[in-house]
Each structure stands twice: as C-alpha cells, then as structure tokens.
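Read top to bottom, the protein sequences are chains X and C.
In short: position in the first sequence from 1, add 383, done, that's my numbering.
In short: position in the second sequence from 1, add 383, done, that's my numbering.
Do not rely on the hints blindly, as some may be mistaken.
[Claimed, not checked] Capping the alpha-carbon separation at 25 Å, the derived lysine to aspartate or glutamate pairs in DMTMM-like fashion look like this: (1) C/K440 with X/D743; (2) C/K742 with X/D769; (3) X/K440 with C/D727; (4) X/K690 with X/D648; (5) X/K440 with C/D478; (6) X/K742 with C/D478; (7) C/K440 with X/D655.
Don't read these hints as lab results, they were simulated from the structure.
Protein chains: 2
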Amino acid sequence: MATPVSPLAVALPELPPLAGVRLGSTAAGIRYQGRTDLVMMEVAAGSTVAGVFTANKCPGAPVDWCRASLKGGRARMVVVNAGNANVFTGKAGRDACAATAAAAAKLGDCQPRQVFVASTGVIGEVLPHEKLVAALPRLHETLTEDGWEAAARGIMTTDTFPKAATRTAQIGDGTVRITGIAKGSGMIAPDMATMLCFIFTDAKIPADALQTMLKKGVDASFNCTTVDSDTSTSDTVLLIATGQAKHPRIPSADGSAARGRMLADFSRALNDLLLDLALKVVRDGEGAQKLVRIDVTGAKTPRSAKKIAMAVANSPLVKTAIAGEDANWGRIVMAVGKSGEPADRDRLSVGVGGVWMAKDGGVVPGYDEAPVVAHMRGKEVEIAIDIGLGRGKATAWTCDLTHGYIDINGSYRS
Amino acid sequence: MATPVSPLAVALPELPPLAGVRLGSTAAGIRYQGRTDLVMMEVAAGSTVAGVFTANKCPGAPVDWCRASLKGGRARMVVVNAGNANVFTGKAGRDACAATAAAAAKLGDCQPRQVFVASTGVIGEVLPHEKLVAALPRLHETLTEDGWEAAARGIMTTDTFPKAATRTAQIGDGTVRITGIAKGSGMIAPDMATMLCFIFTDAKIPADALQTMLKKGVDASFNCTTVDSDTSTSDTVLLIATGQAKHPRIPSADGSAARGRMLADFSRALNDLLLDLALKVVRDGEGAQKLVRIDVTGAKTPRSAKKIAMAVANSPLVKTAIAGEDANWGRIVMAVGKSGEPADRDRLSVGVGGVWMAKDGGVVPGYDEAPVVAHMRGKEVEIAIDIGLGRGKATAWTCDLTHGYIDINGSYRS
Numbered sequence: 384m385a386t387p388v389s390p391l392a393v394a395l396p397e398l399p400p401l402a403g404v405r406l407g408s409t410a411a412g413i414r415y416q417g418r419t420d421l422v423m424m425e426v427a428a429g430s431t432v433a434g435v436f437t438a439n440k441c442p443g444a445p446v447d448w449c450r451a452s453l454k455g456g457r458a459r460m461v462v463v464n465a466g467n468a469n470v471f472t473g474k475a476g477r478d479a480c481a482a483t484a485a486a487a488a489k490l491g492d493c494q495p496r497q498v499f500v501a502s503t504g505v506i507g508e509v510l511p512h513e514k515l516v517a518a519l520p521r522l523h524e525t526l527t528e529d530g531w532e533a534a535a536r537g538i539m540t541t542d543t544f545p546k547a548a549t550r551t552a553q554i555g556d557g558t559v560r561i562t563g564i565a566k567g568s569g570m571i572a573p574d575m576a577t578m579l580c581f582i583f584t585d586a587k588i589p590a591d592a593l594q595t596m597l598k599k600g601v602d603a604s605f606n607c608t609t610v611d612s613d614t615s616t617s618d619t620v621l622l623i624a625t626g627q628a629k630h631p632r633i634p635s636a637d638g639s640a641a642r643g644r645m646l647a648d649f650s651r652a653l654n655d656l657l658l659d660l661a662l663k664v665v666r667d668g669e670g671a672q673k674l675v676r677i678d679v680t681g682a683k684t685p686r687s688a689k690k691i692a693m694a695v696a697n698s699p700l701v702k703t704a705i706a707g708e709d710a711n712w713g714r715i716v717m718a719v720g721k722s723g724e725p726a727d728r729d730r731l732s733v734g735v736g737g738v739w740m741a742k743d744g745g746v747v748p749g750y751d752e753a754p755v756v757a758h759m760r761g762k763e764v765e766i767a768i769d770i771g772l773g774r775g776k777a778t779a780w781t782c783d784l785t786h787g788y789i790d791i792n793g794s795y796r797s
Numbered sequence: 384m385a386t387p388v389s390p391l392a393v394a395l396p397e398l399p400p401l402a403g404v405r406l407g408s409t410a411a412g413i414r415y416q417g418r419t420d421l422v423m424m425e426v427a428a429g430s431t432v433a434g435v436f437t438a439n440k441c442p443g444a445p446v447d448w449c450r451a452s453l454k455g456g457r458a459r460m461v462v463v464n465a466g467n468a469n470v471f472t473g474k475a476g477r478d479a480c481a482a483t484a485a486a487a488a489k490l491g492d493c494q495p496r497q498v499f500v501a502s503t504g505v506i507g508e509v510l511p512h513e514k515l516v517a518a519l520p521r522l523h524e525t526l527t528e529d530g531w532e533a534a535a536r537g538i539m540t541t542d543t544f545p546k547a548a549t550r551t552a553q554i555g556d557g558t559v560r561i562t563g564i565a566k567g568s569g570m571i572a573p574d575m576a577t578m579l580c581f582i583f584t585d586a587k588i589p590a591d592a593l594q595t596m597l598k599k600g601v602d603a604s605f606n607c608t609t610v611d612s613d614t615s616t617s618d619t620v621l622l623i624a625t626g627q628a629k630h631p632r633i634p635s636a637d638g639s640a641a642r643g644r645m646l647a648d649f650s651r652a653l654n655d656l657l658l659d660l661a662l663k664v665v666r667d668g669e670g671a672q673k674l675v676r677i678d679v680t681g682a683k684t685p686r687s688a689k690k691i692a693m694a695v696a697n698s699p700l701v702k703t704a705i706a707g708e709d710a711n712w713g714r715i716v717m718a719v720g721k722s723g724e725p726a727d728r729d730r731l732s733v734g735v736g737g738v739w740m741a742k743d744g745g746v747v748p749g750y751d752e753a754p755v756v757a758h759m760r761g762k763e764v765e766i767a768i769d770i771g772l773g774r775g776k777a778t779a780w781t782c783d784l785t786h787g788y789i790d791i792n793g794s795y796r797s
C-alpha cells in the first residue's frame, strides 16, 4: 500500500545525542519487506523508568510484560517490533515476550525484567519471535548515540512520517535534555497513551517521580487526542531517565514541595514534548487532511469540558463536515448534546476560526460566513465552543475523516 | 446529490388502511425542490398517544413541543417536514412549532396541544414556517386512508428508500393492526429513538399502557442500532392508538396482570414491528453496503453485553474491515476491550458467519478461513462474541463504513 505522506507532516527535528542512550534498527523480516522493522534502545545501567499503558481491557502480551517489569523501576533495554502487535496470541505471545527479553538481557548484561518490549501491527497472528531473537545480536553491535531517526522510522506501521521531539530543561543549575519518538496512526483514542512512544532524558530522577510526571503529562496530551475513537490494545508510553547529566540531586521522597520546585521546569518541558508528539500522531492520523483543535469553555467542570471536547472530536459527522470544508455548526451542537454532559441549547455558542457563528441558541445576527469559509480551507481548523454554564475548560485535538481513512482500513488486513 | 438506492433496500410492504388514520403529503418547497417534503397524519378524535425522544441534550424545538404535548395523552394531528430540522433556531423555532400546531388544530378542530410536530434535515436554519402553514389547508383536503406510501416518502431526507412495516395482533377475540413508517439515515445512534418514526394502531389502549410498551420496545430495537454513533437532536417515535377496532376493553390501571395478559400479543407484534423498522433504518444507513448483526453472549450482565455489542457496532475499524470484507477479528477484540466492560482476553471467543475463529485467547487451531470469507462477501454479516464470564447477552445491529458515508457527509451542507 503506497499511502502518500500526510499533508500535515512536519519535518523531523535535529536530535542530538542524549547521554546514556544508544539506539538502532534493522530489517528482521517479521512482516514488512524492504524496510526496518526492529528497533533496539539501550540505556545506561541504573536508568529509572516510568510507563503508562492502554486502558483497553484486552491488552497485548507486551503490555502485560511491561506492566510487570515496571515494578522494578529500572530499565536497560527496549526492544520494539513493527508489523505484528503480538496481541490475542495466548501462551505463544507470552513466550515471545519472555524469549525476546531473555535474549536482549544477555546482550545488555541485565535482568530480563529490565528489558521492555513493545509490538505494533496486526492483531491475532503469532509473532515469529525466533526471527526477532536471531536479529538481536547483530542489531546490538550497531547501536549508536546517533540512531534516533533510524529508531523513529523503524517503529512506523501505517505512519507516513517519523515522529520525534526534543526539549531541554533546567534542574537547578544543570541543563538536561528530553527526547522522545512516537508512532500512530490508526486505532488512536488513547485512554492512557498512544500506540507507542519512547521518551528518554539524561536527568537522574527517581522512578516514582518520573511516573507521577508522565501520568500527568499524558493526561494533558495523548489522552486529549483522537483519530478514530478506537483504543489500541498496545498503547505504551515509556519514560526512561539515564541519570548521566550533571544537576543537583533530586530528593527521593515523592510529593515534597522541594522536589516539586526542582522538577517544575523539567515537568513543563516534558508536558510540552508530550503534546508535540501527540499532535504529530494526530497529524499522521489515517487519511488526515486537516488538524482540528477543539476548545471548550464554560462547562460545569473541567471533566465535563473534556467529555464534550472528545464527543465533538469523535463525531463522524463533525469530522466529515471538516473534510468537506463545511463549517457545519449544527453538527457541532449535535455532538455537544450527545455527550450527555450538562448543556443548555439556549446558552451555547459555537465559533470557527475565531468567528462566533452561533450564540445563545441561534445564528449570530449578520454572521458573515466568508472568513469562516477561508479558515475551513486551511490545514488547521480551530473550533471554539462555549457552554455558558460554568468555568470548566478543555482542549481536544483530532483530524478530519476522509476517503483516505476508508482506503487504508477497508483494504484486506491492513 | 444523486445517492444510489442502498443495496440493502427492501420493498415497501402492502399497507392496508388503518381505521381512524388519514394521511397525505405535499411539496411545500421548504428546502427540497421537485419532491414532497410535508406530511400530515390525522387521527380519529379521542386517539391516545405515547412518545419517546432523543437523549441528546440539545434537542430541537419540535421535540420540546412534543414532550410538552404528550402530557395530555391525546393526539389528533401529526405534521412533519423534511429538509429543515428546526434545531438551534431559538425563539423562531418555538414560534414555528406553535404556529404550525395552531394552523393544524384549526383544520383538525382540536387543541394545538393535540397536534404533534416533527422536523428533520439541516440544523441551525430558521424554518420558513409560513410556507409550511400556507400548504396545510390544501394538504388537509387531500388526506386519505391510502396515503401510507406518500407519507413514508414525504419524511425522507438522505434516505434512499421509504420504510414501513405492518403487523396484526390479537386482543382477546379482536384483531387489531399496527402500522408504522420511519426515516433514517445518518446521525443514527438513537439513545431513545431513531430520527423519526410514526406508528399507528386501531386498538383502543390508554396512553400510559402505550407509553410503557413503546419505551420497552424501543429499547430492544432502535436503541440497539447504530449507523455512525452520532445521536440526532430530533429523534422522535410516536405511537398513536385510534381506538376504532373492536376488542375487549383494556383496563385503565397500568401494570395489572390482567392488562399485561390482554396486551401480550399486541406488545409482541409492536416489538416485532419496531425491530423491523429499526433494521430498515440501518439498511439505509449512509453508504451502507452490508447489514451487520452482533451477538454478544457470556457477559457479566445484559447491560454489559449491550455496551460491548454497541462498542463493536460503533468501531470505525471494525466497520471499515467489514466494508473491505475482511473478517478482522483482531479489531473485534480491540473493540471489546475498549468498551471498558469486564472481559478476559484469555476467555474471549469471536466468530463470524457461524464459524468460531478465535477461542480462549488465540486463533482456533486448524481454523479454515474459506467459509468465513464467503460469508463476508454477502450482504448480511453476523458476528458472534462470547465473553466467557457470565450469562449476559445482547444483540446490536449496524452497517459497514464505506466511501459512500464520506461522499454523503463530506459534501457541503448535506
């Protein structure tokens, strides 16, 4: 399938080395031919790790493996394959995870539970892990601190462009770096995370502090995005801290005010990076032609605002209208109403591209459609909804629903 | 827009006169040109009425009007227009309902609150009710007991075929008839009803008994169907009893065992008719090429089973796979898991067309894809899901998601 690159694609940023991380990719021939499909990321001994995973009740074997491994709080290796999700594969799936971890642990001179595995691709086919395991030693020899782009490309499935982001942050007088890679791009309604996202920092941060920051950051980024309302069985976000940068020591007690202050800038940079990656996933949503931002204000509570924003973001009728460049605010009103959240038709306002089209239960008198039509023709569409009941607000991001989505997903066993 | 007739279309059944009902349609030129768009249904004086309406929190003015009128329990006239939904039109919308009811009441020699109004079509445009009101007297003169097909066609919007069903039932030694008409066919995830459905019987049944039976019947029919997960602001189902048939008197006390026994056959016939109409709406779902039935068994509770069935029915990835004739049970597993209901990956079974493909967390050994592939090529697809946890079961119906849906909804202001 030769899917053209998303018109919303953004270039890969420059990704400088990050102390304590070496990565690389190879073609293990698991499913795809003529492209890399196996990625290894090795981190310095003693690295701490945090993770959030799919809320899907039928998770894949790799998610189970990672959840169990996370208890140790330490990571040394991450092994990812693309093309086969190793989901709903029973005992064979569990065996594949254990065998992969054992083989990687030998190469990394660590415990198997310090190896994190992730798989993405077709559900329900047994992962030929012997091919994967056979490719690991050769792959391990090629790992390099310059392997970021190779890794970002090696984890792609129906993605049309590689996704990465990098930030720096201050911890006391020390500067640390955070770099992450991610993939999408269908089955995206992350309830904990997106398909796959791996983030590294050279900061030295205890695992529990990483976990708190990651959970909060994912809630405000990946969990506010949707491509098609379907929640993958493989969603995984890992955050690994190699501890190689020089900065004042982070106290180990969680929740202390001093620790919070020390990590404030790191947390800000992490949130910013997570949102950057999440929006890149939406930009590569299957068939996406437009990136859509939905700002809800005036809801009863922030939680209510988020539910309304996601109901609009998931509405097929809103998304097809956007694909048709139609500022169809009637469908937006419908989607607000179907969310089930408190809303009063006669206090509701809807705007597009900065122009209020409907207010207080009807069309704005003298409303001029011209600037709205022009805005709808662009690649980025902004929808504003004021509920008029309270102070709750939230933002969600999605893409439009186009023929491309049907093309990609209506063909046999994509 | 020349949308071809749905390949799942079924012919209109023969619709004999029903004592106490006269109907007809006319072209009022409200939005559509060259077709009927205004329907009037007049019922005998003393007719009782029940209704269920959309759960959307931003309902249209006609829904508000009907809810208020329902308190009286009596109906004389129903006036329906297609092309303009009279939703989110503020005071103008309320005025349009009141003016329509007043004009129709004069013609029907009844109170305005005995007139029920319904509108379907574009949201957010003021209904030109003066055109509608002007067309009523002429329309009233043409009402006939043979106007069923005209009425079924006059309420269509993006529907590609008219929808009606008729049944007979015994009440004691008396035979009564139930006839209904309905329209779809996008914005269909009825949480109380479908877009519009009008059902008449010549039985003489108190309004409270009608309401009980209608609510129950709609829950087991329309509320188990979905086209696109979007819940309309106009969903309305009315059930009107003209009391013209001869049968033993129904006692007025609700819930009595004697009354339940007397209405058992009527209730059965009503449920059957509601399901018939609901499936016709799904068959005319926008872009539908296949009718899909999803049977869930073994869930913890019936409520849990229904949530799972609807999660599968609403999954874009399941629906596009069906459009592509791909028995992609991995996507079905994903949809079960995303429902959030209790499920155990390792007890789950998935079958298509009577063949179990996956059992106990993996592919069935020696599974032969040939009969499944043949089944997927047909127009009706049956999916079976056994959760393996309890005895809760439920069935949901949907259609596939095709390019046709994008064509219809991605064009300007459909």
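Quick rundown of the hints versus the structure:
1. C/K440 with X/D743: Measuring from Cα to Cα gives roughly 15 Å; hence the hint holds.
2. C/K742 with X/D769: Outside the cut-off at roughly 48 Å; violated.
3. X/K440 with C/D727: With Cα atoms ~7 Å apart, X/K440 and C/D727 stay inside 25 Å; holds.
4. X/K690 with X/D648: Not satisfied, since the Cα-Cα distance of roughly 29 Å exceeds 25 Å.
5. X/K440 with C/D478: 49 Å, violated
6. X/K742 with C/D478: With Cα atoms ~18 Å apart, X/K742 and C/D478 stay inside 25 Å; holds.
7. C/K440 with X/D655: 35 Å, violated
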